[in-house]
Every structure is written in C-alpha cells, then in structure tokens.
Amino acid sequence: MMATSRHGSARRPRVGVVKFASCDGCQLTLLDLEDQLLAIAERFDIVEFAEATSVRSHGPFDVLLVEGSISTPEQAHEIVQLRREATMLVTIGACATAGGIQALRNLADHDAFNRSVYPQPQLIKSLATSTPVSDHVAVDAELYGCPISGYQLLELLTALTTGRRPQLPDEAVCALCKRLGNPCILVAQGEPCLGPVTRTGCGALCPSFGRGCYGCFGPREAANTTSLAAWFSAVGQTDEQIAREFAKFNVNAPAFRRIVEARR
Amino acid sequence: MTHGLAHGPEPGEHNFDVGQLTRVEGEGSLTLRVRDGAVVEAHLGIFEAPRYFERLVVGRTPDEVIDIVARICGICPVAYQMSAVHAFEALFDVTVDPQVRALRRLFYCGEWIESHALHVYLLHAPDFLGYPSAIELARDHRAVVERALTLKRTGNALVAMLGARPIHPLTVRVGGFSRVPTRDELLALRPALDDALATAGATVDFVATLSAPEFERDPRLVALRHPDEYPTNDGRIVSNDGLDIPIGAWREAFEEDQVSWSNALQARTHAGEVYLLGPSARVTLNADRLHPLAQQALARLGMAERIRRNPYWSIAARAVELVHATAEAIDIIAGYARPDRPFVDWQSRPGATGWATEAPRGLLFHRYEIDERGLIAAAQIVPPTSQNQAAIEADLTAFAPSVLDLPHAEATLRLEQLIRSYDPCISCATHFLDLRLEETDR
Chain A
5 MMATSRHGSA RRPRVGVVKF ASCDGCQLTL LDLEDQLLAI AERFDIVEFA
55 EATSVRSHGP FDVLLVEGSI STPEQAHEIV QLRREATMLV TIGACATAGG
105 IQALRNLADH DAFNRSVYPQ PQLIKSLATS TPVSDHVAVD AELYGCPISG
155 YQLLELLTAL TTGRRPQLPD EAVCALCKRL GNPCILVAQG EPCLGPVTRT
205 GCGALCPSFG RGCYGCFGPR EAANTTSLAA WFSAVGQTDE QIAREFAKFN
255 VNAPAFRRIV EARR
Chain B
-2 MTHGLAHGPE PGEHNFDVGQ LTRVEGEGSL TLRVRDGAVV EAHLGIFEAP
48 RYFERLVVGR TPDEVIDIVA RICGICPVAY QMSAVHAFEA LFDVTVDPQV
98 RALRRLFYCG EWIESHALHV YLLHAPDFLG YPSAIELARD HRAVVERALT
148 LKRTGNALVA MLGARPIHPL TVRVGGFSRV PTRDELLALR PALDDALATA
198 GATVDFVATL SAPEFERDPR LVALRHPDEY PTNDGRIVSN DGLDIPIGAW
248 REAFEEDQVS WSNALQARTH AGEVYLLGPS ARVTLNADRL HPLAQQALAR
298 LGMAERIRRN PYWSIAARAV ELVHATAEAI DIIAGYARPD RPFVDWQSRP
348 GATGWATEAP RGLLFHRYEI DERGLIAAAQ IVPPTSQNQA AIEADLTAFA
398 PSVLDLPHAE ATLRLEQLIR SYDPCISCAT HFLDLRLEET DR
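Heads up: the protein sequence lines correspond to chains A and B, in order. Using this note's numbering, count along the first sequence one by one with no gaps and you end on 268. Using this note's numbering, count along the second sequence one by one with no gaps and you end on 439.
Please keep in mind that the hints were generated in silico from the structure rather than gathered at the bench. Treat the hints loosely; a few may be bogus.
Taking CB as the label site, the calculated pair distances span [stated by the list, open to error]:
hint, chain 1, residue 1, chain 2, residue 2, range
1, A, 175, B, 182, 23 to 31 Å
2, A, 144, B, 248, 46 to 54 Å
3, B, 404, A, 61, 21 to 29 Å
4, A, 165, B, 182, 33 to 41 Å
5, B, 299, A, 81, 36 to 44 Å
Don't be surprised by glycine CBs; every beta carbon is placed ideally from N, CA and C.
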C-alpha cells in the first residue's frame, strides 16, 4: 500500500498498533523483528504504538494492527471508533481473532467467575464475554496465533507495501509436521495432538519439540474436530480431558468450542 | 486510546495527568494531584482489562497451567512458566536432572537479556537522550539501536533454543523440558553470546554517559538470595532490613492489602510497608553473587549506591545484569552435557504449594492448591509490578514536589519517566489492580 497525499505525492502509510485484552505478545512480535524493524520504521510511518513510542495519534490510519479481545464496555465502544479511523484493519493473534484464553468465561457463568476472583465483584466492569474484534466491526485481514508468527507479520507488511495479497497458509500443522519427518505424537505416542485440525503458521513447533500441538493458531478451514475428538477417545482420553484439550487459546473459535460444549 | 479521567484543577492545585503511559507494557495512566506544594493523591492507574487468570487455571493439570500462565505476559512468559513449574515440583518432590536445572537458568538468562535490552534501549534510553522512541533515536544514533536489537535478538534466540519460540515458549513441563537441545545446538549460540557480552559491556559504558535527575530515597528492597548463585529460580526471599524466609513462604511476610486509601489490592509487608523488587534490588542484595565480569562492570560504573537510592538508575542495574546474564549463559553452555532424558517422571499429590522466581522485573510469586485428582483447586499469582506499585506511588509522592517549578509538560514528562524507570508490566499486574481502577471510576 503506497498511500497518496492530498497533493498527489506518495507518502508512507500511517500505521497504528493498539491493544485490547491481551498479553502484549503479538505487538511485541513486531519489535522482535530485530533485523527488519528499522527498515519497517522507514517504510511505514508508525503514528501510534504506545508500547514502543511516546508519539501518539488517534488516526486516521492507513493500517491499524489490533491486538486483544473485546472484553469490557469501553473496548466495545472504542473498537467502533477506531474502525472509522482505519482504512485497513488487521487483527493480530488469538485474542483479537478468537477471543483468547480469557474467552473461557464465555462458556462459564460469568458472575460466578467474577465472584471467585474479586471480593467486590460489583465494582468490576467487564463484559460477560471475551469476543473477537470481528464480532464488533468489519476486519480486513487476520493474523492467527498465540502469539502470531513474525514471518507472517513481515509477509503482511511486505504485501501491503507492494499492493499484493499476503500469502498466508491454511494447511494443517499436521501436513507440515509430516514433511518435517516428525514421529506422530498421536499415532506413535498415543498422546493428544491438535495438529490435524490446527492452522499452520508456527512451523509445527510442538511436535518438533516432543509434545502435542495445543492449537494456538486456531482451527483451519473446515477442520473436522469431531473426528479428531473421536480419535482422542480411542487413545483413552476422557471427555473431560478432550474438552480441556480444545479449551485453550482459541476456545471461542466455533470448531473448537463445539467440542468443548459437547464433551465437558 | 486514552482513558484519562477528566478532573479540573481547584485553586492552588497542580494536576498531572497522563492518559496513557507509553513505552510501558500494558495500559496504565498517571494521575497526580498536588495542593499547596504537597502531593494529595498519586495514582498509577490501570485500565488494562481483567482476564481472570487465577480462575482460568482452576480445574487444569499442572502442565496445562504452565502453558496458560505464560499468556499473562508476552515479555516475560519464561518467568510465569518458571514460578509455576517450580511450585509444582516442590509439592511433588521432583528433583530434576542437574543439567535441566542449569538449562532453566539459561532459559532465564535469555529472557533477562531480551527484556533488559528492550527496556534499556527501546523503552528507557529515549528518556535520557530526549527522544520519543527508539525509532527517532535510531535516526541520530543508528548504531546504538542496531546493537540493542542484535542483543535482544540473541536473548530471544536463547529462549527459542530451549523453548521453541521467544514468546510463549512451549517445552517446559513438570520434571524438565519436552525436549532439551544437543550440545552442538547450544554451542552454535556461542558466537552470538560472545558478541552479546561485548555489547553488554558497551551498554555499561553507554549508561555511564547518561545523566539522571537527582532523587534519593532509602527503599526497602526484596529479592531472592542463593548461597552461591545470582538468583533466578532458587534461593530464599530476603530484604535489606533483615527478612530471610523460604522461597515458598511469601505469604509469611507479605499480603495483599485491601484497606488502603484506594481499596486496591496492593502487596505490602504485614506491617503495611511498601517494598521494591527488580534489577536494582537484585544487584544491591546480591552484588557478591554477580558473575565476576558483572562485578567488574559494577565496580567500573561506581554506581552501586546510586542504583540503590535513585530509581532512575535502574538502567545501570539492568546494564550490569545484561553482563551477568550473557556471561552466565556462556558458562552454562560451556558446561553443558545433554541429559539422557529431557524430563523425569512424577506423581501428583494433593496439597498447597508456593514458589517464587526472579522475573526480569522482580520476584514473581505463585501459589497453587492441587486436589485429589491432580487438578488446580485454587491459585494465587503475585506479579512484580503489583508488588512494586505501592513503592512507585510512594516515590511519585516524594519526587513530585521537586518538579513543580518546571513547565507543566516537562514536569509531567519527568513523572512519566520515573514510572518508566521501574519497567512496569501492567498486563501482568492487572488482575490485581483492576479493583482499584473500578473504584476510581465509580
């Protein structure tokens, strides 16, 4: 994306980075692109990124990267305001794209949840649900993961500068894992692994490091989670264990949530 | 996104409001009210949304908890995983392989390097040099920012070597790691670490060229202390006023106070005293346990007393710890032999357990109750920033009168810089602080 000013001359795209309910890890991924960070700062005009700079802006933004889920009334209001200021709004990470680990409360009694943590729950202004940004406003692109992949973030930014579509894979973690030649966690070890239903992007890290995938990039398109849950039963997992496997950082993604609700 | 509360000043009042603090981790604000030269209110406000982590881990297995608590903080996930795994292993009587123990120290070295490099250069140095961010700093001092990024990359590479990725690593499990590196894999990091050690030394020299506001106090400092190691995962909880308790006994000395002026859940001693954690506390209480190269760096700086007394000089403590962490990482790698098994087996046991480790920002305490089925029945997580919050506010109160004669914007900046010198991690602290937020919003 090469934005054009009122005078017709090319200018650097104005980029903002904002957050809602989250751990800051996905925006940190931008700072973790150590080898490219200064080049990115030259190609883009980073006008809002509170974690990194005291330069502030409320918009307008050519590109707005949004981290975090919508979990308070203020956030639900703010995301609508920000959408108006952003030409292109990109959600980054499992919180922004699916509601995050804090969306576990969507399946629970929120009042009981609140009472168990806060002595004076009436003082807490929190929504009963933690929801993805796309439940509230239109989203132009999504980067998945808990955290997102630095490579995918770079691919997105590069694509924006050249005006092409970013190349973001949708195959399963399982497919890459097979190509890497890892022994199968599910078949060989009889341990649960969400690799067959999880979108790739991490590089099949968990099975490469000796453990089952826990789904931090969320379900891939048309993921058959019901079939995988049956596999887990076959290797001896209880319904409760199976529910817990799917009830993690993308618990609110429909394909995962369905299993949690059926098995818990 | 600004959430500043609107307050009009009354006659004789100076108000300092920063709607959203920048170059800190998470969403916080500063509200300070001065009447007739005296501070009447100092709030480090927190508007980060609650995420209920202590409740999220209930009903989970210990290994699931290790994955979940990492998500409290994207900058210091290793710290959350280390406090949790050690708490579980203490209850289950697990003794890990000595090489696994060394790898966990190495893991922490990586996190300290990336976190301190981030704070010293990208978040804190711009304050000393008069820039709004490291991006602007890089326009005039590109080499400085480039070496900082290289240093940070090496810290991240260490974490990723052991944990598969720098943010939310995934190999920690009760009993060890799901995979441990080969000796050759670790040795491959040696050139980058040699370079990092040189950069850490240059960081100490860089810090020596800075100047900070004069501000002295005599804080109560708390950190872990170990018989022969600079503290990370092990030791006892000590203070500079005589506290010395077991690592899991945090609740014997401290509590979360719900009756303070703000009705906040702030950690204090049982006597209601504030205390400070973090690099300045660690360096002060454990100077004799620093790696010899870091001891030399501290001596060269000649700033031990300023590190203890002036919060702005926490940047010097971080620089010294960068030398320590890189030198220690080199030593650990040199002595590494891959263990036969990456983890040992363990048996669950019901009961309560607590442990503390040294996060980059200071002591991080976890406590868990585990039921007969091996699942979490209750959890308490006390991050460093929620423990430091009362000390930060006390320092703001003491410091503010000295900047009242400055132009308002400059005074506000000085106050914001003071907060930044503690490297507050607001995402971490939130689940303890939002009670106050709601109270002030009422």
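Here's how the hints hold up against the structure:
{"no.": "1", "hint": "A/175 / B/182: 23 to 31 Å", "verdict": "holds (27 Å)"}
{"no.": "2", "hint": "A/144 / B/248: 46 to 54 Å", "verdict": "holds (49 Å)"}
{"no.": "3", "hint": "B/404 / A/61: 21 to 29 Å", "verdict": "holds (23 Å)"}
{"no.": "4", "hint": "A/165 / B/182: 33 to 41 Å", "verdict": "holds (35 Å)"}
{"no.": "5", "hint": "B/299 / A/81: 36 to 44 Å", "verdict": "violated (52 Å)"}
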